[in-house]
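Sequence lines, in order, name chains Y and D.
If you're matching positions, the first sequence starts at 239 in the numbering used here and goes up one per residue.
If you're matching positions, the second sequence starts at 239 in the numbering used here and goes up one per residue.
No wet-lab data here; the hints were simulated from the structure.
A hint or two may mislead.
One copy or two, either will do: identical chains are not told apart, so a pair holds if it fits within one copy or between any two.
Within a straight-line C-alpha distance of at most 27 Å, the following computed DSSO-like cross-link-like pairs (lysine-lysine) qualify [unchecked claim]:
(1) K398 with K374
(2) K262 with K338
(3) K338 with K254
(4) K273 with K248
(5) K255 with K370
(6) K248 with K398
(7) K248 with K370
(8) K374 with K254
(9) K248 with K374
(10) K398 with K262
(11) K398 with K273
(12) K370 with K398
Protein chains: 2
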Amino acid sequence: MLHISRSLTKLLGELKKLPSVGDKTALRLAFHLLKSPENLSALAESLLEVRDGVRFCSTCFGITESDPCHLCTTPRDDASICVVEEPQDILAMERCQAFKGRYHVLHGALSPLNGVTPGQLRIAELLQRLEKGLVKEVLLATNFTVEGEATALYLTRLIKPLSIKVTRLAHGIPIGSDLEYVDAATVQRAVEGRSEL
Amino acid sequence: MLHISRSLTKLLGELKKLPSVGDKTALRLAFHLLKSPENLSALAESLLEVRDGVRFCSTCFGITESDPCHLCTTPRDDASICVVEEPQDILAMERCQAFKGRYHVLHGALSPLNGVTPGQLRIAELLQRLEKGLVKEVLLATNFTVEGEATALYLTRLIKPLSIKVTRLAHGIPIGSDLEYVDAATVQRAVEGRSEL
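I would like the entire structure built from these sequences, with the hints used as guidance.
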């Protein structure tokens with residue numbers, strides 16, 4: 239990259255660290271921001287605000303500006319906890335409005351090959367919350383990947399002995415799908431979990 | 239967007255102003271940055287550095303940190319000026335290393351329907367540079383869009399009476415193209431501009 243200013247080169251480097259941003263996208267974003275200095279300032283300031291204002295809730299480990307967070311303090315069903323991998327998964331759950339209980343964010347999933355062991359996830363904190371005896375059901379909403387499934391299995395083995403019901407999100411055909419194009423493993427799970435009409 | 243912090247909502251709003259960033263991409267970028275606070279700080283700081291350090295060169299109106307810019311001060315061919323629409327077009331020209339002269343950035347192209355008139359482009363400044371009598375050739379490298387072609391035509395009419403040669407980048411078949419898939423207008427221009435072997 240010839241004849242480009244030092245600070246712009248640095249900005250391009252930072253932009254390229256973002257997911258799915260390569261050389262061309264970084265250039266496009268940088269020149270877009272250069273064209274509107276007020277957007278550039280607003281973006282920089284809101285980044286700093288997020289850095290200084292957003293933290294993890296000490297109860298559920300979701301993101302929040304006030305600790306404990308909104309979801310831990312508003313009246314909700316204390317008898318159920320939904321366990322998710324990442325803070326953004328709470329948004330996906332809240333969007334469907336089907337779950338009325340509390341949340342717990344693990345901040346990852348078990349992945350021994352990548353060096354992620356139970357000690358690095360917020361599992362001890364989850365067990366502490368369960369020990370209080372209020373919780374009757376733990377809904378495991380980790381991702382449906384190898385790591386997410388392994389984490390769900392691991393947690394099931396830990397939680398079941400506490401005589402707490404452990405549930406998992408249903409597998410099945412996504413709404414609006416054409417059966418022809420759904421993968422075999424999903425169809426198999428949908429048959430196993432079929433419901434009577 | 240339920241239960242999300244105020245500063246994060248603001249950041250999502252700013253990210254969505256970027257080209258081809260929608261709701262989902264903004265969320266992905268924001269949570270990616272939240273996961274690595276050092277990247278978040280570095281991005282914010284480099285944005286501020288660019289805002290404070292990068293300006294337009296007072297000669298060619300390209301971007302620079304020192305005025306006049308590197309391209310205007312290093313030894314290059316003073317007899318030719320390449321006219322481009324945007325600062326990033328200089329990068330595309332420099333990448334090919336086929337042009338050894340100076341540059342001039344118009345900061346846009348004529349577009350009467352969008353309210354872009356000659357007065358809003360750096361055309362007066364271009365004419366001032368030409369009046370010094372050093373320039374023998376102006377290479378018009380505006381985009382090959384309706385606006386870019388109109389701007390090239392407009393500039394040709396202004397510059398030709400000064401007895402300066404006005405040239406335009408060649409039209410033709412892109413390298414590596416399959417003739418079958420090249421549009422008719424491009425093939426027509428390639429035939430008109432055919433060269434003897």
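Here is what the structure says about each hint:
With identical chains, the CA atoms of K398 and K374 are at most 27 Å apart within one copy only, with a shortest distance of 11 Å there and 84 Å across copies. Proximity of K262 to K338 under the C-alpha cut-off of 27 Å is restricted to the inter-copy arrangement: shortest distance 24 Å between copies versus 44 Å within a copy. For the identical chains of this complex, K338 and K254 are neighbours neither inside a copy (39 Å) nor across copies (30 Å), given an alpha-carbon limit of 27 Å. When the C-alpha separation of K273 and K248 is checked against a cutoff of 27 Å, the pair qualifies both within a copy, at 18 Å, and between copies, at 20 Å.
For the homomeric pair K255 and K370, neither the shortest alpha-carbon distance inside one copy (42 Å) nor that between copies (46 Å) is at most 27 Å. Taking the shortest alpha-carbon separations for K248 and K398, neither the intra-copy value of 51 Å nor the inter-copy value of 41 Å comes in at or below 27 Å. Neither within a single protomer nor between protomers do K248 and K370 lie at most 27 Å apart by alpha-carbon distance, with minima of 50 Å and 37 Å respectively. Proximity of K374 and K254 under a CA criterion of 27 Å is satisfied in neither setting, with 45 Å inside one chain copy and 41 Å between copies.
Within a single copy, K248 and K374 get their C-alpha atoms no closer than 52 Å, and across copies no closer than 37 Å, so neither meets the 27 Å cut-off. In this assembly of identical chains, K398 and K262 lie within 27 Å of each other by CA distance neither inside one copy nor across copies; the values are 51 Å within and 36 Å between. In this assembly of identical chains, the alpha carbons of K398 and K273 never lie at most 27 Å apart, being 58 Å within a copy and 31 Å across copies at closest. For the identical chains of this complex, K370 and K398 are intra-copy neighbours only, at 15 Å inside a copy versus 86 Å across copies, given an alpha-carbon limit of 27 Å.
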